[in-house]
Amino acid sequence: MRKLCLAAALFAGSAITTPVLADDHLKIVEGDPLELTIQMNHRAYPIYEESWPVEQQARQWTNVHLVDVTVGANMRTDSENTGNTEALNLMLASGAIPDIVGSSRIRDFVNQYGPEGAFVPLNDLIAEHAPNIAAYYAQRPDIEDAVKAADGQMYYVPYLPDGKYGRAYWIRTDWLDALGLEVPQTVEEYEAVLRAFKTQDPNGNGEADEVPFFARQWPELIRLVTLWDGRAHGSDTYHDFLVEEGKISHGYIGEGYRDGISNLARWYAEGLIDAEVFTRGSSARDFLLSENLGGSTHDWFASTGGYNSLSSEIDGFEFRAMVPPASPSGKRVEEHRRILVKPDGWAIGHTNENVVETIKYFDFWFTEEGRRLANFGVEGTHYNMVDGKPIFTEAFLNAGPVNRSLNQVGAQLQGRGYFQDYNYEIQWTNEFALEGIELYEQGDYLIPDFLGVAFTSDEQQVYDRTWGSIRDYMLERQQSWILGNGDVNADWDAYLAKLDEMGLQELLVVMQSAYDRQYGKN
Amino acid sequence: MAEEHTTAAGQPIQEAVIEAQEAQRMPPNDGRWTRLFDHFKREWQIYAMLLPTIIWFLVFLYKPMYGLQIAFKDYSIFRGVANSPWIGLEHFQTLFSNDQFLRAIGNTIKISALNLIFGFPAPIILALMFNEVLHASYKRTAQTIVYLPHFISSVIIAGIVITAFSPTAGIVNTIIGWFGLDPVYFLTQPQWFRPIFVGTGIWQEAGFGSIVFLAAIAGVNPSLYESAVVDGANRWQMMWKITIPSILPTILIMLIIRIGNVMEVSFELVILLYQPATYETADVVNTWIYRQGLQSGQYDLAAAGGLFNAFVAFVLVMTANTLSRRYSRTSLW
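Chains as they are written, first to last, in the working numbering: chain U, 1 to 522; chain P, 1 to 333.
Source of the hints: derived by calculation from the structure; they are not laboratory data.
Heads up, the beta-carbon is just placed ideally off N, CA and C, and yes, glycines get one too.
Each hint can be trusted.
If you anchor each label on the Cβ, the simulated ranges turn out as follows:
(1) Asn398/U / Ile176/P: 45 to 55 Å
(2) Pro64/P / Asp162/U: 45 to 55 Å
(3) Ala490/U / Pro195/P: 23 to 33 Å
(4) Pro401/U / Gly80/P: 37 to 47 Å
(5) Val184/P / Asp491/U: 15 to 25 Å
(6) Leu50/P / Thr456/U: 48 to 58 Å
(7) Ser457/U / Tyr66/P: 19 to 29 Å
Just a sample of chain P residues kept apart from chain U, beta carbon distances all over 10 Å, derived:
(8) Tyr138
(9) Ala228
(10) Gln237
Here are the computed lysine to any residue pairs in the SDA-like style, where the Cα-Cα straight-line distance is at most 20 Å:
(11) Lys247/U / Tyr519/U
(12) Lys247/U / Asp500/U
(13) Lys498/U / Leu102/P
(14) Lys164/U / Glu435/U
(15) Lys148/U / Asp108/U
(16) Lys63/P / Leu90/U
(17) Lys198/U / Asp182/P
(18) Lys498/U / Asp99/P
(19) Lys498/U / Arg103/P
(20) Lys498/U / Thr94/P
(21) Lys498/U / Thr281/P
(22) Lys498/U / Gln100/P
(23) Lys342/U / Asp240/U
(24) Lys148/U / Gly520/U
Using the sequences and the hints, build the whole thing.
Given below as structure tokens:
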């Protein structure tokens, strides 16, 4: 505790020394500061630290002080984000909702409990008191639609990611060179390359221990069905529904998916896919690359490009992005992208007595100064303005992983509603990732994301009753087919019939009507 | 043998004295409350020792029963337990119209049956074997080794199992490889889940479970063995004719408790070991409840599933107890 106080004192000191323009235009309340309570739990920053330099700067500018009252803080990092949801549920069960609630995966939560009265509807407040947020929505009505609950109200201000590209195909280009192969351009060539990785010993240790294709998250393996014109994940949430020309469907019932799975099963049987892909888990990339075993994967630009530093240990190590191989029909698709709006952000609790000040405070983070503060931290400490652009200081860039450092000073928080500025990331993205992004920029590989729908309570019931079971069944069959316990082509009709029996058609109708209502197709 | 003082009726004198004192202390017309008060005054130390357990029961087992009503309600965390509307048996209808829930019940029973058939005798056999070991330090070492896995957390156990059965680096597949066979990806094959799970359970708990039987064996009257030796019985006969019949009440009590826990497969280990590919055999009621109820926030449905589970367990333990009382006169209550 003493350490925390000391840190607070230090940070407070640094905030005071920050050159501040003599401006009161960001001030929201006059006189005594307004204290608002906040709940914010995230695996990387379990509570809202009042000592964060970003918070200190925001206090100075707005005269609004956020006070942490987080319930259920935890740092669990499972793929389903159960830790976040658990903290929110605990908070609600405790009966006391703070003035502000910020979290990842907050959308479904506020869209369910907002209409019941737990959170304040924001439409009118934004129109009247939040000119910057309103200006953003005026430009992006599709995102405004995506944020709304079934009753047409917005209950949270979202975190809006910037930048287009997320994951890409990566391949050991030094292995290609060693075997005299070209970067594969079609799925047939990709298969041939993976087979060569398996059989021709590119790592040169005399054993066929290479793992041609691997994935940190096994759903990334399923994404390979796009190589046969299938679809896997409709958004950056795994196994999500997809939207094509206004029609809701699911990837796992498409013909392309069937082809894809049958081919992936063949690849698996031939050893082209990591035999342990379903159980190896999140350390797969780290382990297989540093042991000089992994050949190709589908993973994030920035973090995967970073593994090229292994060239100091593994002679000639080069892991580069490649454009998506073309499907048999000639299409190149990169299914994953940065989603336009995350289901993350913050909301106003129903017991908040300063609703107008709070929405003004939310709006502050959409002003030029606020947005820069949320993205880059505090000027003079973490970044400096160079030619009108915020540039991180050398000391800050060298202080360890930049994302973590930013979180530690209270910037780039997913539980805060703000508009990300991709420039923050370019400054420290390594050359291999930048080169890859440029490669992807030259083609048009991205496809539209499904931005999600908000249900009425009747629709929610259909979804709750059917989707969990359907999803389990889909995944169960999917893994079985790939592992060779059953043949997708033989089982296909029975599989579709079983899904219908479990209520998939009913669910799709509900999804469609929710989608039409939300995105105004009616 | 020391001389015993007895009354005319053959009762030891001391007992008679105590009874007389008790009779004096309790005036005949006094109500039962006074008697109760006297009883507590005399035995309060024992009740003080019992108190923490009673408080634990009240706080952690009885108070939460209030929340069981959400199984019959359309529960919203915001509205709270009391203000959520009643919807009758709708959640139970949902449960029983769900194939996966029914399959989970089947899997639970199958895994528990295997556990009972293979897992229940294991600690008894182990205890009998330890009892026959004469070399003291060998016995102690062996006991320590088999007790150890009990103290390892499920997460570590799952890690050990996943590594041991890994198709590329696991010891099991390495051994299979010596015989020239192809490696098997055990943890993704539905038919292997139950043997691996039950085997892991036995490895982890058999040693620790043998303690209670060893204690029971230690309580057998040595004079029985002495007379058996005089009659010329060998060790095998002594085990069958003396040891096992003597510890049979303990075995039966443990069996009743075990049957009461049939619906409680150690689901944390299942969660750590299963995959969608093995749901077919691995998905038990509690993991189903965890996925459907807790991960997707349907607490009311989860409560209904849990209530059903508890009901089945209650019926099972009642039945087992009744049968045991009728046929062996050994019972929990």
